[in-house]
Each structure stands twice: as structure tokens, then as C-alpha cells.
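Visitor: Got chain A sorted already, so can you dock chain B onto it with the hints?
Protein chains in written order, with the numbering used here: chain A, 625 to 1095; chain B, 625 to 1095.
FYI, nobody ran anything at the bench for these hints, they're computed from the structure.
It is possible that some hints are incorrect.
To be verified - Covered stretches of chain B (in silico footprint by chain A; criterion: 3 or more residues with CB under 8 angstroms from a CB of chain A, positions within the stretch not fixed): (1) 708-719; (2) 840-851; (3) 860-873.
C-beta: ideal position from N, C-alpha, C; glycine also.
There are 2 protein chains.
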Amino acid sequence: MGLNGIDWDEAVDVVVVGGGFAGLAAAIEARNGGALVTILEKMKAPGGNSIISDGGITAAGTPLQERDGIADSPELMYEDMLKAGLGLNHPDLVRIVAESSNEVFQWTIDYLGVEYMDRVDQFGGHSVPRCYTALNITGATIIKRQLAKVRELGMDVRTQMYLQTIIRDAEGRVCGVMVRDGYNYPDASSGVPRYIRAEKAVILASGGFGADVAFRTVQDPRLTEEIDSTNKRCATAEALIEALRVGATPVHLSCIQLGPWASPDEKGFGVGPGFSDYIVFLYGIVVDPATGQRFVNELGDRKIVADAILAVGQPCIGIADAQAVERSGWSIDRCLKKGVVKRFERLEELASAYSLPFEALEATVARYNRFVENSADEEFGKPILLNAVPLSHPPYYGMRLWPKVHHTMGGVQINTEAQVIGLDQQPIKGLYAAGEVTGGVHGACRLGSCAITDCLVFGRIAGRNAAAEKA
Amino acid sequence: MGLNGIDWDEAVDVVVVGGGFAGLAAAIEARNGGALVTILEKMKAPGGNSIISDGGITAAGTPLQERDGIADSPELMYEDMLKAGLGLNHPDLVRIVAESSNEVFQWTIDYLGVEYMDRVDQFGGHSVPRCYTALNITGATIIKRQLAKVRELGMDVRTQMYLQTIIRDAEGRVCGVMVRDGYNYPDASSGVPRYIRAEKAVILASGGFGADVAFRTVQDPRLTEEIDSTNKRCATAEALIEALRVGATPVHLSCIQLGPWASPDEKGFGVGPGFSDYIVFLYGIVVDPATGQRFVNELGDRKIVADAILAVGQPCIGIADAQAVERSGWSIDRCLKKGVVKRFERLEELASAYSLPFEALEATVARYNRFVENSADEEFGKPILLNAVPLSHPPYYGMRLWPKVHHTMGGVQINTEAQVIGLDQQPIKGLYAAGEVTGGVHGACRLGSCAITDCLVFGRIAGRNAAAEKA
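For reference, chain A alone in the conformation it holds in the complex (with noise of 0.2 angstroms):
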């Protein structure tokens, strides 16, 4: 028997749970800030939701934007974020990632030595490009080197450790975990009780719960089953709620992300997001089948396309044409293998591929080059890029968009330093956290590759900060 009465199977300094973007980046902080850490992570593999993401980030005032001449600054970043998200978002935590948000960049190449592809690209809700994607397009290259740097340092992931309770002192400090160990996915009752100590603190870098069709119903009723969801089925609310029950402050659970670059024509997040998002949103046009017209500008925040294409009431169609994919200089080889882009020789095969009003389709198209030619679109104001050229190289392009549940912007309040802020706005003594499994930082609507920059830079605070704790 020790603390609290709990015969604790083993103690460390700092417990992690979860194995993505923050936790891995905690980790590293933590080891190198001297403690001796454990990261717990509840499926069979590290990296959580993480390592299928597109492996975008968003970093503001970087030599490569320099180098490509755009002019851009935390600040700018900051106010971006602020726009999209309503106001909503705590504008301390906004200004921590977009003041970090080069800073933590550069450390992923030098210290992680993540590589990304040359280019900067620019999602919706972004003023200027500020997304460098790492190589293969994929999380799993950052995941993997993160991976790489924690067992250089001595640790390592202990997988099928599912955190059941998070444990508290007489005095209300957090001192430990109870974790299923040998869980098996998705039985909570697989597994046995294993009673982890931390000397230190406890970092919660458990991510989302755009999975957790019970939870995510709660507060947004309209996402049932029914709705699909670009996460792993393992992006449920468990931990976030086991942090609600020892006295979170829970903030914007109700602001839950729709991802409006999905196809309905494939599961999960898939390769469609790959051609819209990368090229149809800044090369292209988005169209109501119904009437063949644009309704949005395709370069508007993730809330602002979703919600309009939502608001049209059935999947719409995304349109580029050969020079939109030439000039991305992006491949689109598997969204056509898999049969979710379709390809046509003319744009008239196109209208009658998906059933619009070819002529309205071919107004709709004049009408957008002309924007083009003129750098100006009088009609939704969608930024036209330098290098954009009007939509009239054949083969045509075609995609069906209806949106997928992406990303849970609530979750717990945390301040500045990644504590946990507890019901009486007070931080609840060793506890932090960092990722999606904190709310704030996005407030209505998180842009596009900054979440991967909220990660690793509320990560490292978190696993800083926690090794820094008295014992």
C-alpha cells in the first residue's frame, strides 16, 4: 500500500496518454527536461489519429515563405485564427501556437529531422500560404520520427493501456493513473487494472471524439452514426470525460468540425481530400448540382464551405481542370485509381456525369475564368492565386464533396502553461494537457494544418512544464 491507499504497480515521474502528435511531443520535453517519463497509449500502435492525418502545418514568418516572397507574420496567423473561429477562441493560447508556430516548425526538421516536400501551400481561412506538408503527405512521417527521437531517449510506447481513472490526492493533486493494461479496442472491460503513479503530473494528450457518435450527439444531435467521420474509430471521449469528472473546466463542446473536402464516395478521411482541398478549393469550383452555379467562396474557412455545402442539402460537385492539377503540382493518380475523382474529356460529359445543368455549368465556368482573368471574384471574393489560369484544359475533373465529422475544437480549458484549468478556474494540480483533447485554441473553427502546430507546441509546454514539477 502507498498514496491514497492504492498499492500503485509502478511509479514514474510523468504519465502521457496517448501516443499522436502532442503526447510524443510531451515525452520528448519531459525526458529532456529529466524525468523519467511513461507514455500510454490504448491501441495496438502508437500515433492515434495522427498518423493518418495529411501531415500538414502551419508555421507563419518561415525562411521558405520568405524565399517564396509571402509576406506573412504570427500576427497575421493569430488574426486568421481569430476570424475563423468566431471570436471564440482564447486569444492567449491562439497567440502561444502562432508566436511558436515557426519556432516549432523548424525544430520537427532540425531536431526530429522531419522532411517536408518544397512548397508552401494555402488552405481556406489562411490570408497568405503557411502549410509545409511532410513527405508522403501523411502525419505518419512526423509520428515516425517522433517515434525515432522517444527511443533515442530511452523510452517507449506502451501499447493496449486504456486510462480508466485518473487519481487524486487528499489534497486534490492529480498522483496517478489506473489504466486497463492489455486492453483490447473497443472492450472497456478488457484488460487489467494497472495503477501508475505519477510523481510528478499527468499529461493528457488523449485527442479527440469526432468517433464518439454517444458523445458528439450530445452536443450536436445531428451527427449520428449516420454522419461519417474522417477519424480513427479510436477518436472517442473517454479520457476527455474521465478529466470532466475530477473537475475540468469544459470549453466549446459543442464546436465540432466538419471536414467540407470529403467524399461520399469512399470511407473514412480517404484520398479525396487530396484533389479538393489541394487543388479544386484554390484552382477550382465548387457547384450545386441543382443549379450548376457556385454558392461559396471555395477558399472559406472549413465552417464557412461546410456549412454552405451542407446548407445546398446534397453532395455538390468540385471541379479542376488538367493545367488547376498542373499548376498544384499535386498527383491525383489515387483519387482516379480509386474512382472518387472522375476524369472527362469534355466539360459537358462532366454536367452529365453528375447531372447538372450543362449550360448553367458552362455560364458558371465563363463567369469564374473571367474572375480569374481579372484576379478578382466579384461574386463570393475567393482569393484568386498569382499563379491561377482559367478553367478551360481539358480533361476535366470531377469529384462529389458531402462532409465528415474531422475534428472536436472543445475539450478541456487549459491556460498558457498547458494546465488543466479545474471548475474554480484554478489549474488542478498535476494535470496537463495538450491537443485535441483541449479546447480554446480554435474556438468555432480550427484552419486547415494548424492543428498539427497546437500539438507539438502545447506537447512540449506540457511535457516542459510537467517534468519541472516538484516530485
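Guide: Then chain B, alone, in the frame of chain A:
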């Protein structure tokens, strides 16, 4: 010493926390169900925020509507509420409110003896007129009749009783409360602890947190103390926070409503909404002072109109004329006397007083008058009332508009039986809630005059069910 090792000062069947619409309705039904009830009110007088409301209650399918030839149904009310709520509402709760609305309205007349003005009004977001206003245009009219019934049933409201702790037994069932007896707002250390056992249940009817700057800024950092609230200062979050502490599931906490009809030229709710909400939005126009133009459907729901005014970035001007006032049937004497509404013999004088560009304003009025004549607002789709006439009858009246925090849609999750739902998605035994402390009924935006219906419907359900609990 008694249950839980607590030395209870007293024991009743049902403890009701809060002496507003919901709490008093709950107490009445619990008493009629045979329970021994105590009603706790933290302030020096009962009535809470309810007593300063304008006393408007929504009901669909009433005899008054039938008399006036207004085609309405609970189904239409349900749809209107879901539309304003942006689909975040819990549909089963909305259905209960809509389907019980006429019954509860008749209950206030037949059983409580509330008197209403002989008219049916329409507020923004409602498809048809379905709002009934208590005599003297104040919630106090309803509260007074509720208090009379409470006394008739042998109960009384115990004032200066501040809920500090919700007490659960070893099985987790709520079995009582600790209150600070003799509480002196806002000193949370005033009064002395008093332990009241609830043999059957505790009913939370403690209201919203619109005046709680610390709690509301966690959810929406823009709502600092700089932003006025229509609520009484006592509309704070401590009882909600205590419910979260014992494991209630939070719902929609970040959905905080701003009233678009408020005046920056008076404090709190004031008298201005009597002009803007009851006259301008229906028969007049709202213009941007910079352009002299309309910018929104004045009969949009509160979120639509408030967001639009905030986007303008400065107080906007609500305008009506003599005919508008006459057609509305309302007096604006108090508004004029207080100086919140100003009277002008000519439109030009009004333009000059509010620094509006007169020619643009003249064009706006002419355009709007054509819409009225054609019974169709071609610009913003505002429903043109049957008895509306063009704005051309001096004197003209003007009022500045700037939103104030009015209602908190979020709170604890309840089910259709008014049971509070815990983090495990099971009811917390012995704990009910009703009214503004709950979340889910109104989603992203509450429609005007639906709050009283909500409070009374779920207050009554909570009272009935609490009385039926086994002691």
C-alpha cells in the same frame, strides 16, 4: 449524525434551488404530488431573473391564434426552434416544449390566474405570431401568481439561501444540499452552513450565467465586463458549476445569446426593447449608420440580427414612424421619457441626429416601402406583416441598437423527464433540473418568448417526477 455522517439540520422530500419561473413551477407540482418541499432563493427576494423579463410566453395552437386566424402548430414551433438553434437542439426536448406549450399557457391562466394582454405577437425567427404578453409587460405578473399559488399550497420561498454543495450518498445518489443560510449577495462567505436533506430529490432551477463575467468569458472571451447584460447581477454560474462538479454533462456552454434589441443608452434590459423588438423589427427598419442602408432581415432570430449588428461594428439605428407605433398597439411613452427613443418631425432630422447620410436613408426607406406595398422584402426576405404600412407617417422615431448578453443556452444535460444526465450518460439519481440552468432545448439560439414556456414545462415535469421518487 445522519446519512453520510452528515448532521442534517432538516429534512424535506424535495429541495428546489431557485425561485424563478422554473423553480416555482417545480415546487407547485411537487407539492401537488404530495411532497414536502422547500424552495431556496439566494437573493433577498424571490423571482430571480424571471421577474425582470418582459413576460412574453410562446404557445402554438392556442384559441387566441384561432380567433385571429393564425395557422400554427406545435410542429411548426418545433421546426422554428430547431432552425434558430442551428440543429444543435436536442430534438426530444424541443418536441416536449412545443407540444406542451398550449397546455402550459392555459395552465398559467386557468390554474395560476395569470392575465395576458389580448393580443398575439410575433418575434424574430417565429414563422407566425405566437407570443402572449403578461399584463404590464413583465414576468413579475407571472411570478406574483406563482408565488400566490406557492403560499396557497402552504409553501414559502426561503431567501438568502445560497447553494454551496450538492451532497451525494455512497451510491452517488443526490441526497441533499449544503446551503449558506443568511447569504448576503455577492459575498460567498456570508451566511452559515445549513445541511438540508432531500429524501426524494433536488431540483436545480438556478437560472443562467449571463451576468457571470468570469464563467462566460471562458466560453466566449469576447463577453468581457465591457459588454453589458440584460440580466440581474445575480445571474451567475455557481449552481451550474456545482452540478458539473458532481458529474452533470455540460451541453452547449459556449452558446451565449446576445439580445439584438438592446440600447447602449441605458443599463441592463431597460425599456428600449419595448420599441425595437415590438415595433421596429416588425414594422420598421434597422440601418447601418455609415451607409443609411438596411443590412439584415429585422425579423431574423436573435443570433442573426445580433451577429449582423456586431459585424457593422457600431450601434445601428432602429427606425419606425407614427403608423408603425399605432399599428403595433404598444405605447412608447416610457422609451421617450427615458430618452432611449427619440422623436423627430421629419426623417431628415432623424438622419441628422444619428449622423446618417440622409439621401441614402431616404432611398432605403423608399425601397423598403415598395417591399411593404408588394408584401415582399426582395432584399432580406423579412416577412411583411398583414397590417404593415409604408414608413411615411411622421413623427419618426429612432433608437440606437447594440447587443447585450441576454440568455445562456447551455447548461446541464437533461432528458425528457428533466433528470440531469451524468458523464456516463445515465441519469444522476435524485437530481433534476429545469430552465436556463439546463442546455439542449434552444441549441445555438433561443427564440424570443420561448424561455418562459421552457421554464414552466420542464419545471412542472421536474416537480412531478421529483414528488414521485421513492424516499
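Visitor: Determine for every hint whether it applies to the structure shown.
Guide: Results for each hint:
{"no.": "1", "hint": "708-719", "in the structure": "holds (count 5)"}
{"no.": "2", "hint": "840-851", "in the structure": "holds (count 5)"}
{"no.": "3", "hint": "860-873", "in the structure": "holds (count 5)"}
This entry satisfies every hint, going by the numbered hints stated previously.
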